[in-house]
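K.L.:
Residue numbers (the working numbering), protein chains in the order written: chain A, 1 to 547; chain B, 1 to 154.
Just so you know, these hints were derived from the structure itself, not from any lab. The reader is advised that the hints may include incorrect statements.
Listed next, the in silico BS3-like pairs over lysine-lysine satisfying Cα-Cα at most 30 Å (straight line) [to be verified]:
#: 1; chain 1: B; residue 1: 146; chain 2: A; residue 2: 22
#: 2; chain 1: A; residue 1: 318; chain 2: B; residue 2: 146
#: 3; chain 1: A; residue 1: 538; chain 2: B; residue 2: 55
#: 4; chain 1: A; residue 1: 165; chain 2: A; residue 2: 118
#: 5; chain 1: B; residue 1: 55; chain 2: A; residue 2: 306
#: 6; chain 1: A; residue 1: 165; chain 2: A; residue 2: 391
#: 7; chain 1: B; residue 1: 146; chain 2: A; residue 2: 538
#: 8; chain 1: B; residue 1: 146; chain 2: A; residue 2: 446
#: 9; chain 1: B; residue 1: 103; chain 2: A; residue 2: 446
#: 10; chain 1: A; residue 1: 446; chain 2: B; residue 2: 17
#: 11; chain 1: A; residue 1: 165; chain 2: A; residue 2: 318
#: 12; chain 1: A; residue 1: 538; chain 2: B; residue 2: 17
#: 13; chain 1: A; residue 1: 422; chain 2: A; residue 2: 391
#: 14; chain 1: A; residue 1: 185; chain 2: A; residue 2: 422
#: 15; chain 1: B; residue 1: 103; chain 2: A; residue 2: 318
#: 16; chain 1: B; residue 1: 146; chain 2: A; residue 2: 250
#: 17; chain 1: A; residue 1: 391; chain 2: A; residue 2: 349
#: 18; chain 1: A; residue 1: 22; chain 2: B; residue 2: 17
#: 19; chain 1: A; residue 1: 318; chain 2: A; residue 2: 446
#: 20; chain 1: A; residue 1: 250; chain 2: B; residue 2: 103
Quantities reported herein were computed from a predicted structural model and do not represent experimental measurements.
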Amino acid sequence: MPIYRSHVLVCGGTPCVLKGAKTLKDLLNKELNRYNLADEIRVVETGCLGPCDEGPVIVVYPEGTMYSRLQPSDIPRIVQSHLLKGRILQELVYQAPWSPPSAQEVPLEQEKYLGLQKRVVLRNCGRIDPDSIDEYIANDGYQALGKAVTTLRPDEVIEMVKEAKLLGRGGAGFPTGLKWSFTAKIDADQKYIICNADEGEPGTFKDRLIMEGDPHGIIEGMAIAGYAVGANQGIIYIRGEYALSIERMKRAIEQATAYGLLGERIFGSDFNFTIQVRSGAGAYVCGEETALIESLEGNRGEPRVKPPYPGVAGLWGKPTVVNNVETLANVPPIILNGPEWFRRIGTEKCPGTKVFTMLGDINNQGLIEVPMGITLREIVYGVGGGIPGGKGFKMAQTGGTSGGCLPAEFLDLPMDYDTLAKAGSALGSGAMLIIDDSHCVVDLLKSFMKFFVHESCGRCTPCREGTMRLYEIIQALAEGTATMADFRLLKELSATMQLTALCGLGQSAPNSLLTCMEYFADEFQAHLNGRCPTGTCKNITVKSDAV
Amino acid sequence: MTVTGLSQLATVIEKYKQTPGSLLDVLAEAQALNGYLSRPVLQQIAEGLALPESKVYGVATFYSLFKTAPTGRFIIRLCESAPCHVRGAADVLAAIEETLGIKPGETTADGRFTLEFTSCLGLCGVAPAIMIGEQVYGNLTPDRVKEILHNLGN
Numbered sequence: 001m002p003i004y005r006s007h008v009l010v011c012g013g014t015p016c017v018l019k020g021a022k023t024l025k026d027l028l029n030k031e032l033n034r035y036n037l038a039d040e041i042r043v044v045e046t047g048c049l050g051p052c053d054e055g056p057v058i059v060v061y062p063e064g065t066m067y068s069r070l071q072p073s074d075i076p077r078i079v080q081s082h083l084l085k086g087r088i089l090q091e092l093v094y095q096a097p098w099s100p101p102s103a104q105e106v107p108l109e110q111e112k113y114l115g116l117q118k119r120v121v122l123r124n125c126g127r128i129d130p131d132s133i134d135e136y137i138a139n140d141g142y143q144a145l146g147k148a149v150t151t152l153r154p155d156e157v158i159e160m161v162k163e164a165k166l167l168g169r170g171g172a173g174f175p176t177g178l179k180w181s182f183t184a185k186i187d188a189d190q191k192y193i194i195c196n197a198d199e200g201e202p203g204t205f206k207d208r209l210i211m212e213g214d215p216h217g218i219i220e221g222m223a224i225a226g227y228a229v230g231a232n233q234g235i236i237y238i239r240g241e242y243a244l245s246i247e248r249m250k251r252a253i254e255q256a257t258a259y260g261l262l263g264e265r266i267f268g269s270d271f272n273f274t275i276q277v278r279s280g281a282g283a284y285v286c287g288e289e290t291a292l293i294e295s296l297e298g299n300r301g302e303p304r305v306k307p308p309y310p311g312v313a314g315l316w317g318k319p320t321v322v323n324n325v326e327t328l329a330n331v332p333p334i335i336l337n338g339p340e341w342f343r344r345i346g347t348e349k350c351p352g353t354k355v356f357t358m359l360g361d362i363n364n365q366g367l368i369e370v371p372m373g374i375t376l377r378e379i380v381y382g383v384g385g386g387i388p389g390g391k392g393f394k395m396a397q398t399g400g401t402s403g404g405c406l407p408a409e410f411l412d413l414p415m416d417y418d419t420l421a422k423a424g425s426a427l428g429s430g431a432m433l434i435i436d437d438s439h440c441v442v443d444l445l446k447s448f449m450k451f452f453v454h455e456s457c458g459r460c461t462p463c464r465e466g467t468m469r470l471y472e473i474i475q476a477l478a479e480g481t482a483t484m485a486d487f488r489l490l491k492e493l494s495a496t497m498q499l500t501a502l503c504g505l506g507q508s509a510p511n512s513l514l515t516c517m518e519y520f521a522d523e524f525q526a527h528l529n530g531r532c533p534t535g536t537c538k539n540i541t542v543k544s545d546a547v
Numbered sequence: 001m002t003v004t005g006l007s008q009l010a011t012v013i014e015k016y017k018q019t020p021g022s023l024l025d026v027l028a029e030a031q032a033l034n035g036y037l038s039r040p041v042l043q044q045i046a047e048g049l050a051l052p053e054s055k056v057y058g059v060a061t062f063y064s065l066f067k068t069a070p071t072g073r074f075i076i077r078l079c080e081s082a083p084c085h086v087r088g089a090a091d092v093l094a095a096i097e098e099t100l101g102i103k104p105g106e107t108t109a110d111g112r113f114t115l116e117f118t119s120c121l122g123l124c125g126v127a128p129a130i131m132i133g134e135q136v137y138g139n140l141t142p143d144r145v146k147e148i149l150h151n152l153g154n
C-alpha cells in the first residue's frame, strides 16, 4: 500500500460540487502531476465537511488545514506554497465564526468548525472517501456488524438499542429499539428492513449528505437491524431527485456484496442479508412510512389507515421495519461502543446527537451534528455565526415546514424531541430555518401552506380540503380582505386537521400557522386592518381606518 | 412513438413483468424513451403488466417526476419551498420568466424549456436552487440564472 505524506480532501457533497469542487479536484491533480507530487500527495473526494455556505472547501492533512471559498486560481498557489514548501496560505484558511476555547484543545482548522460539534453519525463524513469500502473498514467499519452477528443474539442487539434510548431521527422520535422488538417477536416467513431516504421536508438535506458522505454506515446499520429482527431483505428508498445519493449507495452495496459483508452467511454466521436501492418519483408524502410502502408496491403513494402498523403488516403484508437514514447510521456506533457511551451524549430523555441543517438568514448555512439539548441560541449565534446584514432574529422554524415557528423568547430552549413538542413545535428532521425581522409572517405562511396544498395526496378530506382553505384564508390576509370570522376559522380548521387527518402530513400542516398566530398575533391583527408591517404584502388593500 | 420506441417499451415491460410492484420502474424507463408518457404508452403498459388502465394513469399522475404531456427539452424545476423563498426565489423566478417569456407550467414556443415549480430539492445549503433536467444549480441570483439559461440556449 502506497504511503502518502499528505492527503487533500476535497468536499464532494452536492453543495460544494455545485460551487465547482470537481474542477478544483481536477486542477489539484493536474498541479500535483506538474510538480511530480502525485506519488506523495493523494487527493480524495470525500463527503460533506459541513460549512456548505463557505464552499468549495478542501482540507489538507496531516495539518488539518481547511481552505474555504476557493477559486480555481487558488489551487496552484496552495500546491506551490502549502504542498510543495509547507507554508500554509493563511489568507485562504477557513475562519470559524466564533473563537475556539483554546488553541491547544482544538489544534486543527477543521476542528474549529467542529468545535461545538460531536460527530457520531457524521463520523466519517469529510474524513474518508465514500466510494472506498477499505477506508470505511479502516475506520472501524463493519466491526459492529461482525460483533453483532458473531457474539450477540438478536434480542441482545435489540436490548442494546433500547438501552441506548435511540429515538427515530426521521421526525417522530419513536424509540427505535421498541420498534424493532415489535417486528422481532412476530413469526413470519419474510420480513423487511426499509431505510427511508425519501427526504423531502423543506430545509432538510441531512440524509442526502449522510448518503453521499458515508454510505457504508447506512448499509451496516440496515444489516444490524436485519439481524436483530430476523429480516434478510433490505430496501433503501431514495427520492428520485437525489442522483448522487443513488449512485453512491448502489456502489457501496456492490462493494459490500463483493466483500461478503452482504449476501449469504455473513461473517460465517447463518445470517443472510441483501439490499436493493429503489427510487421515488417525486412525492413528499412518500416520506410517510405507509405511503412509502404503497409506492414500493407500485401504487400511488397514499398512506394506509393504521393500525396495523408496518412493524406487523408492512411491505406485501409482511412485518417491516422502516427507519430513517440518520437513525440507522447511529446503530453501528451504539453496537460498537455500547449503550452507556451513547447515553453519555445529549440529554437524559433524548441521548445522542442530532444532525441539524441550518439555513435561511444565517451567516453559515450548512450541516452540523451536535449533542441533543443544544440551545437555539448556540446554533444561531454559535455555529451559525449569527444573522447577516445586521438584522434581528425574528423566528426559527424548527423541524422543517411541518414544524412550528419559535420567536426570540425561545432562544434558550434545549433542542430535543420532548421540549420542542411542548413548545408547540417539533424537532422533526432537524431543519432549522432562521428568519430575520425583515420578513412578514403572513407572507412566510403563504409559502408554507402552498407547500402542503401541493403535497397533500388527496386521500383524506381534512387534509385535501383543509390545506387549500388554510392557504386561501392566508392569501386573503395578505391581500387585506380577511375578516375576523376568517381568522377564527383558521383556528377551528387547524384543530380539526390536527385531530382528523389520516397521516402526519395533514396533522402537522397547521403547526407553523398555530405557533405564528400565538407568537405574532400583532402582525395578524395588522393584516386584518389592512396593513403589512414589513411592507412585504404589496397587494394589500388599505382599509379606511389604517394609515 | 416510433416503431423502435414501441419495441423498446415492450422490452422494458418484459423485463419487469414478473417483478411485483415494479410499475414505477416501468413508468420511469418508459418516460426515458420518449420524454413523456403518452396515452398509447400508458395503455401498452397497462396491457403488458395486466393492470387496469385507470391504475396506471392514476400512478403516472400522482408523482411529479412523471409527465403525461410533452415537455420542453429542458425542464426547469424551481424550488418554491420556504428556505429558497427566504433567500430570494421570487427574484430568480422573475428573471426566468423575463428571459424565457413563460410562466410556471408553460413551455417556450421553440420547445426548448418547460418551467415548473417543485417542492424542496434538499439543496437548501445553497438556496435559492433549481434543477434543469438532472443538473442542479444553487446560490442563484437573477444574473446568474440568466447566464445559465443563455448558455443552455446556445
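K.L.:
With reference to the structure, classify each hint as holding or not holding.
P.N.:
Do the hints match the structure? See the list:
no.: 1; hint: 146(B) x 22(A); result: holds, 23 Å
no.: 2; hint: 318(A) x 146(B); result: violated, 51 Å
no.: 3; hint: 538(A) x 55(B); result: violated, 44 Å
no.: 4; hint: 165(A) x 118(A); result: holds, 18 Å
no.: 5; hint: 55(B) x 306(A); result: holds, 23 Å
no.: 6; hint: 165(A) x 391(A); result: violated, 40 Å
no.: 7; hint: 146(B) x 538(A); result: holds, 25 Å
no.: 8; hint: 146(B) x 446(A); result: holds, 27 Å
no.: 9; hint: 103(B) x 446(A); result: holds, 19 Å
no.: 10; hint: 446(A) x 17(B); result: violated, 44 Å
no.: 11; hint: 165(A) x 318(A); result: holds, 26 Å
no.: 12; hint: 538(A) x 17(B); result: violated, 55 Å
no.: 13; hint: 422(A) x 391(A); result: holds, 28 Å
no.: 14; hint: 185(A) x 422(A); result: violated, 33 Å
no.: 15; hint: 103(B) x 318(A); result: violated, 46 Å
no.: 16; hint: 146(B) x 250(A); result: violated, 35 Å
no.: 17; hint: 391(A) x 349(A); result: violated, 35 Å
no.: 18; hint: 22(A) x 17(B); result: violated, 40 Å
no.: 19; hint: 318(A) x 446(A); result: violated, 41 Å
no.: 20; hint: 250(A) x 103(B); result: violated, 37 Å
Violated hints for the displayed structure, listed by number in ascending order: 2, 3, 6, 10, 12, 14, 15, 16, 17, 18, 19 and 20.
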